[in-house]
Amino acid sequence: MESLYPPIVNGKAVYDLESQKYLKMWQGPQHPGVTGNMSLELDICGDEVIKCDTHVGYLHRGFEKLMERRRYINCFPIVCRICVPEPDTNEYLFATAMEDLMGMEIPERALWLRTLNLELSRLASFLMWIGGQSGAFGMGTVAQWTIAYRDYVLDLFEEWTGARIYHMYMTPGGVRGALPEGWVNRAHKVLDGASKLLDEIRHVMLNNAIFKQRAVGLGTITPDMMDRYGIVGPNARGSGVARDIRMDMPYLVYPLLDFNIETESAGDAYARTVVRWKEIHQSISLIRQILAKMPQSGAVHTTLPNVLHLKVPAGQTYVRAESTRGEYGYFMVSDGSEFPRKVTVRGPSYTHAMALLEDLAVGVNIADIAGLMVSLHTYPPEIER
Amino acid sequence: MEQLYNNLSLQFELNDFMLRHGTQASFIAKREQLVSLLTNLRDIHGYTHLVMVTCVDWLEDKLFQLTYIVHNHHDQSDIIVKVLIDRDMPEMDSIHHLWEQGRVFQRELHEMFGISFPGSPGQDEPMILEGWQGPPPMRRDFDTKEYCEANYSNRERDSREPEEHMQRKLYPED
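Quick mapping for you: the protein sequence lines, in order, are chains A and B.
Numbering of the first sequence is given in this note's numbering, commencing with residue 1 and proceeding in unit increments.
Numbering of the second sequence is given in this note's numbering, commencing with residue 1 and proceeding in unit increments.
No lab work stands behind these hints: they were computed from the structure.
Check each hint, because a few of them may be wrong.
Stated by the list, open to error - Only pairs whose alpha carbons sit at most 30 Å apart, straight line, appear in this in silico DSS-like list of lysine-lysine:
1) Lys145/B to Lys311/A
2) Lys82/B to Lys311/A
3) Lys145/B to Lys65/A
4) Lys196/A to Lys278/A
Please work from the sequences and hints to get the whole structure.
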C-alpha cells in the first residue's frame, strides 16, 4: 500500500497538493475551549493529522520587556496577567524571587494565607480546565456546571482580595490583608458544593462511554519522554511519574499539610483527566486543612522601605512553584538598581504546547485535536510573555 | 554541590561559583565547553531536566549572558550554567540534540536577541513576531517608545485635538 506520509527531501516533507490526498487546515487562533489563542497548522490526509506546526504570538504583550523599564513594585501588577486562569502563581513567584534576593523573611500568617490563595486558585483553574476538556469532546453540560461553579470560587476571591481574576494579593513582603469575617464559613459551603459537583462529574464525564472512547489512548506520553520534552505537572503524573514540587521541594506551609502525589499510569488524555479530577479533591482537602490549622492573629506583612525607591541587591535567583500545569518558575536578575535587569518566566506550557504537542498530534484524528490540546492544559500567554 | 563543582573543574574551565539555599549552584562556563558540560551533567550527574534557557543583556559590558538551568530530580538540586558571549557577533552552539524543547528556547532567543544557533531546527522562522522588520526587540538598546513613535503613532497627523485634526483633514484649503 502506498504510504500516507509524503516523501522527505532535504529534511522537509514535500506535498504533492495536486494529488488531492492532502489538505492543509488551520485550527485557531480562535480557541476551541480553554486553550487560549494559538493556532495549529495541520496537514491532513483523510481525517488523520500527518504533520502539525504550532504558531504562537497572538497574545504577545511583551511582559518581560515591560518589566525591564519599571520599578519592582510597578512590575507587580503586570506579572499576574501572564496567566489568566491562575494568576496567583505569578504573584507568588515574583514576590518570592524579590524576597529571596533581598533576604527578606515574611510573617508566618502570611505564609498560610499565601498557601490558601494558591490552592484556591488551583481549584478555580482546575474547574475551568475540566470544563474545557469536556467541552472539547462535545459535552457542553459539564463545562457549564464547572465554569458556573468557578464563579462561586471567584466570588470568594472577590470578597477576600477585592478582585475576581487578578487578585494582586501576594505583594512582596507578605499579603495585603487577612480574611474577612464569616469568609471561612462561606468558603466551606463552596467547597462542599464543589465536592458534590465532582461526584456528578465522575458519573457524567469519567464514566461516560463516549468520553472514554475518545480520550483513552489519545496523546499517550511515556515516562521516557519526560526529560526529553521537559514534561512536568499533571502531564507527567498521568504517566506514572510522581513529581510534584509541593512535595519534592516544599515551599510555604506545604510540609505541614497532609497530601499525596496523585498518579495514573496510562499516560493518555483520560489518565490526565483522572489525575486532575483527583487533584481537585486534593485541593479541596488542602484548603480545608489550611482553614483549620492557620493562625488567627498576627502580622500579615513585613515593614518595607519606600517601595518606589526600593533597590534590590545584585544577584540572580531561580524560584519555582507547582501550578495546575506543573513547574512554574521565575528567573530574576538584579543589577543592584531600582529596576529588574531581567525577569524570565518559565511557564509549563512553553514545552507542552510547542515541542510536545507537535509530536503528539501526528496520527491523531482531526476531531480529537482540540481534546488533545486541552488535555495538555496549555496557556499561550506563558509562551509569549 | 561544592564537591560536584570541584570534580567538574578538573575537566572544564569554570569560575565564579555561587551557592544559594544549598541546592542552587551557579557558575560561568566557557562557550566552547558548554555542550560537553551539559552533556556531562545530563548523562553522568543526573541533571536530566532542562528548566530553561534564557539570556541577560549586559549592555555596558557588551556581553550576552546565556543562562541554562538544569535540574536533578534525585536530589532536587539546580545548576545554573552561565556563558558570556560577545554581544556584537552573538553565536552559540545549539543544544537541540540534547533536549527536544531546546530548539523552542533557541528559536525565541534568535528572534528576541538575535543570537544565532547554527543547526537549530526552524530558528529562522518567525515564532512570535511575524513580519517583524526592526532590530531584535529584547535587546536593551532597543527603545520601544522611539520605535513606536517612528513606526506607528501620529502618522500624517499634526494635531492631537480631534476637532482640529478632522477640520484640517476635511477642509484642507481653509
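Quiz item: Taken at face value, is the distance from the CA of lysine 65/A to the CA of lysine 145/B at most 30 Å?
Solution: 12 Å, holds
Quiz item: Do the alpha carbons of lysine 196/A and lysine 278/A lie within 30 Å of each other, as the hint requires?
Solution: 13 Å, holds
Self-check item: Pairwise hint evaluation, lysine 311/A against lysine 82/B, where the allowed Cα distance is 30 Å at most
Solution: Measuring from Cα to Cα gives roughly 24 Å; hence the hint holds.
Practice problem: With a cut-off of 30 Å on the C-alpha distance, tell me whether lysine 145/B and lysine 311/A pass. | Solution: 25 Å, holds
The structure meets every hint from the earlier list without exception.
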